[in-house]
Each structure stands twice: as structure tokens, then as C-alpha cells.
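Engineer: Residue numbers (this note's numbering), protein chains in the order written: chain A, 207 to 360; chain B, 207 to 360; chain C, 207 to 360; chain D, 207 to 360.
Among the clues, some could well be false.
Since copy identity is lost for identical chains, a pair holds within one copy or between any two.
Stated by the list, open to error - Keeping only pairs whose Cα atoms sit at most 25 Å apart, straight-line, the calculated DSS-like set for lysine-lysine is:
#	residue 1	residue 2
1	Lys-356	Lys-331
2	Lys-359	Lys-311
3	Lys-311	Lys-331
4	Lys-356	Lys-320
5	Lys-331	Lys-320
Bear in mind the hints are in silico, worked out from the structure with no lab data behind them.
There are 4 protein chains.
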Amino acid sequence: MSEASSTAINADPTVICRVRESFARQSFMATLGARLTRVEAGIVEIELPFRSDLTQQHGFFHAGSTASIADTAGGYAAYSVFPADSTVLTVEFKINLLAPAQGDKLIAIGSVIKSGRTLTITDVKVFSETRGQRTLCAVVQQTLICLIGKADKR
Amino acid sequence: MSEASSTAINADPTVICRVRESFARQSFMATLGARLTRVEAGIVEIELPFRSDLTQQHGFFHAGSTASIADTAGGYAAYSVFPADSTVLTVEFKINLLAPAQGDKLIAIGSVIKSGRTLTITDVKVFSETRGQRTLCAVVQQTLICLIGKADKR
Amino acid sequence: MSEASSTAINADPTVICRVRESFARQSFMATLGARLTRVEAGIVEIELPFRSDLTQQHGFFHAGSTASIADTAGGYAAYSVFPADSTVLTVEFKINLLAPAQGDKLIAIGSVIKSGRTLTITDVKVFSETRGQRTLCAVVQQTLICLIGKADKR
Amino acid sequence: MSEASSTAINADPTVICRVRESFARQSFMATLGARLTRVEAGIVEIELPFRSDLTQQHGFFHAGSTASIADTAGGYAAYSVFPADSTVLTVEFKINLLAPAQGDKLIAIGSVIKSGRTLTITDVKVFSETRGQRTLCAVVQQTLICLIGKADKR
């Protein structure tokens, strides 16, 4: 993947690999043009470059496109701390949209707040970036479930 | 629009027209292949036919694609009861994913619970449909803001 | 309990009993003066008569008192469909406050939307009642976890 | 107030005073035994000493008592940055309960994430403390509305 060079290599290589492979199986991320730009144990970052076909009626990123990368960033932050023979599903999330999501790209940074045997809670911050300047545009609180023994693919 | 024939014509024609025009300006809805299938005062329905490029790693609709049509259905349910010279923005929403979102299509039905001068609260139910059989797969609680005097376009 | 007479006896008597006993162990409910007024399989209703010591700065029921009975109504709606040797914990909830919570009493009605092996999702509506007239004043979406083999007491 | 001595005096004294007076009008806080322990511009802290009459069936703080101080901490963090002739109401909040709320006391720390003319978004963290040791037990994301020209009392 072209973004590999920008990935922080702080986590177990196996974990990075597992998250990257799962991300690659999410065809919706490719449809959006989203890129996985950072994978660490408990932290995952996803970028979404602006495209006019991702927008709502005012020309901003649609709340759905913002929510999509936020859900994925939080989900993989959780998955990065799960055991090897497991998969992840989103139980629920709540997103507050703080400012118009506009600019060159969005950056969603998902972090694990608390990881339990069954449930993991994450916090995701989404920034919009215009010429290198970041503005916090959404915050998310999310609950994920760890399914042991279930494959992370169809 | 091809789905016009299936639209319930229960609301003021001006309202239906206003919602349809705004929906058509949301280029993200076209990217997803989402269709506006019902507009009434306080109720809006959106369908999303299955496409493999909308999925997550298990081949189900990605939570982001589910959330995208849910946000739009709730947002337009709110907008359908707003005054003429206004626009709508999502303040926040919370989504619970109840069952794998799989099948021929998703149907998001947004309904206004309470509409105030500034804020409107909606409830959205998302069903997955397989050969005509519907399963509730997500529920959403959403807060929208009415911006008076602001155009509903860029 | 004095409210027993107003309880709908539609559920398995064992379930009603189990919910009543657990409610009686929640000393916070007694502190608030909350009463369990209905227990059915998947539906639980709690009433909170007005007391000036439950209020916020405008003299309305504090959002915390509203949330407290909503959380309990949803939690016991879930518990009412759980197996016998289990207990219930709230994973998370989201509450929208729609109108000032004022009047003679609040009534929280919790209903199970989806019950799984591990997680159960409920919907709670809270009404304020003034001279028999009800107004919807809050809506809640809640996630509960079923803990098998763990006692429902200290 | 007896807790005055432990309050950080970092904010405009008028703001501190305004928040303290409003808190004192919330009779529900006195009912719970909650204390306002810190007021700064955009940050408010509330403590809730353990009392067995604030508990649920396992003897932990009831989620409603946790939510009550979290809602108040976030609400006053917002109110601390509002203009003088205004009041605050909670629009909605979402709480994730991360760990059993037990110990000597709970401490809720509310912080403003984004403050707009009409809506303010806060983040609240609730810690349980046992013999000086703090554990994060709940996280909240909350939306407040600023009502200009409306008195902050009945």
C-alpha cells in the first residue's frame, strides 16, 4: 500500500499486518478513498482526502463519510488490542459534529479508552485539514465487541 | 427520479420538492447509490441497494454506509418540517447496530420525535431486506439544528 | 410494596418477582422515591413523583433524576428477558431531553428492542404527567450486558 | 460552602460565583451529597462521596448517580463560558460505563470541547477513587444549549 511509508511502526508487526489486511477487506474504505495512515497498539488513524462525491448539500464532507472513517478508526484501534483469533464488530457509536467538515482531507484518530474481555470502548477525534492546519470537526464515543474464534472475513 | 413512483405523496408538494432537491445535492448519496423512496411531513425513507463496494470485512454493509443513510433519513425528516428559508445540519447522532446489515437492500426510516424552533430530535430505524423479509438492523437517535436564513446549498 | 396493585401481571410471575426484588435492592431508587409500576416480559415502567429535592436550578426534575429512572426502566426491561442465573449491567445509554421535565411525576417506560445472548438494546421513553396529561420529555437508547452466573446482589 | 477551600481559583471570580450560585440552586445535588470542587473557565469538577443510599443492586454507585454528577459537571463547564445573561440546559448526553463505580467517592471532570453561540459540546470523565487511587469509570459526551436572556433560576 502506498501509505505504508507514513505508518508509525510502534506496534507488534503482526498487529499492524492484521489491521492492514482487515482494512483492505473493507471495500467501502476503497470506495471512499480512505487510507490507513497509522497503526499502533490501541491507536489507528485514517485519512479521507476531499472528493466532491463525498459531500452533502453545502459541499462539506457528508456526516456519513465523516462517521464512516471515524467508525473504522475506532474499530481498528480496538481490533489492534484484540487476541489473534478474533474479529471486531461495532456495537454502537455516538458522533458530535462540531464544525463543517471541509478542507483538503479529514483525519480520524481512534484510541482505545478501555478494553475488556468482551467490550472495548474507544474515543475518536476527526480533524479537517486545510493547508496543514487542523480543526477538530467531530468527536465520537464508540463500543466494540470482540468475537473470539470468529474469522475476520466473509 | 426513477423512485418517484414509489413515493407517498402525503406531504405538501413544496416540502416534497424541497427535500428531493436537497437530497439530489448530496452527491454522497449518489456515490452510495441511495434512493429517496418516501417523503412525508416528518417522515423520510431512504433505500440503499446492496453493492459489494459498500461492505466491511465480513461482506456486510459497512456501519458507515448504514449510518450514512440513517443520518440522511433523519436529517430530511427534520428538514421536512422546517420553515422554507432554512437549512439543516446534524448536531449529533447515536447508532446501535443490532444485527448484521446484509441482504438485498437497507431501508432507513427517519421520523421526527420533537421539533423545536432551533433543535429537532429524530428517531431512525434501519431495516435490512432479503427477498421482501425485513429485519431491524440499526436504531438511531439524532439531533438536528435548523438554520434560518441560510441557504440549503453551497 | 404498595404499588403492587397497579402492576400489570402479564409476565411470568417468577420474572416479575425477580425484577421486583432487584429493584428493591437498588437503594438509590428508594432515595429518589421511584416506584416500579409495571413489569412485563421486555417492558418495565417506573414512576418518579415530583419532589423539590430532585430538581435543577429552574425547578424542573434534574436531568440526572430523569436519566436515573430511565436507566433503571431500560435495565429491568432487559433483565426481565434474561435467564434466571444472571445479572444485568448498563454498558451505555444516550438520553435526549425534549422538554422541561416538570409536573406531578415522571413515568419512564423501558422496552427491549433486541435481546442477544450477551447484549440487549432497549428504548426508553420518559413522560412528565400533570393532572393526568402526559408529555414526552426524554428518549433514551441503551445497551445492557447480561452476566451469566453472576449474582444480582452484592 | 465547606468545599470552597479546595476550589482552584483560576477563572474570573464572577464566573466562579455564577457557577457556584447555580449549583447551589440544584437541590438534587444536595440530595446526592455532591460537592462542587473546582471551577475554571471551561472546566468543572464535582465530587460525590460514597453513600449506600446511592447504589444499585450490587452495591456500586447507581449509573443514575454517576450520570447525575457527570451531567452537572459538563453542564457547568459549558455554563462557565456562557455570557452573563444566560442559562444552560442539557440537550442530550451519552455515557459509557467502563468499570464498577465503587470506592470512597466519584469525581466527575467536565471540559468544554467546543463552544458555539447556541450549542456547546463537552466531554466528561468520571473517576472512582479508593484510598487516593483513581480509576476511570465512565466517559460522557454531552450537548448543551445556551439560552440568552433567560434567568438561571425558577
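Engineer: Is it within a copy, between copies, both, or neither that the alpha carbon of Lys-359 lies no farther than 25 Å from that of Lys-311?
Structural biologist: between (29 Å within a copy, 20 Å between copies)
Engineer: State whether the alpha carbon distance between Lys-331 and Lys-320 is at most 25 Å within one copy, between copies, both, or neither.
Structural biologist: Cα proximity of Lys-331 and Lys-320: in one copy and across copies (16 Å, 13 Å).
Engineer: Should Lys-356 paired with Lys-331 be assigned to within, between, both, or neither, using CA atoms and 25 Å as the limit?
Structural biologist: neither (29 Å within a copy, 27 Å between copies)
Engineer: If the cut is 25 Å between Cα atoms, do Lys-356 and Lys-320 qualify within a copy, between copies, both or neither?
Structural biologist: This pair counts as both: shortest intra-copy Cα distance 22 Å, inter-copy 22 Å.
Engineer: Taking 25 Å as the upper bound on the Cα-Cα distance, should Lys-311 and Lys-331 be classified as within, between, both, or neither?
Structural biologist: Within one copy only: 14 Å inside, 30 Å across.
Violated hint: 1 only; the structure is consistent with all others.
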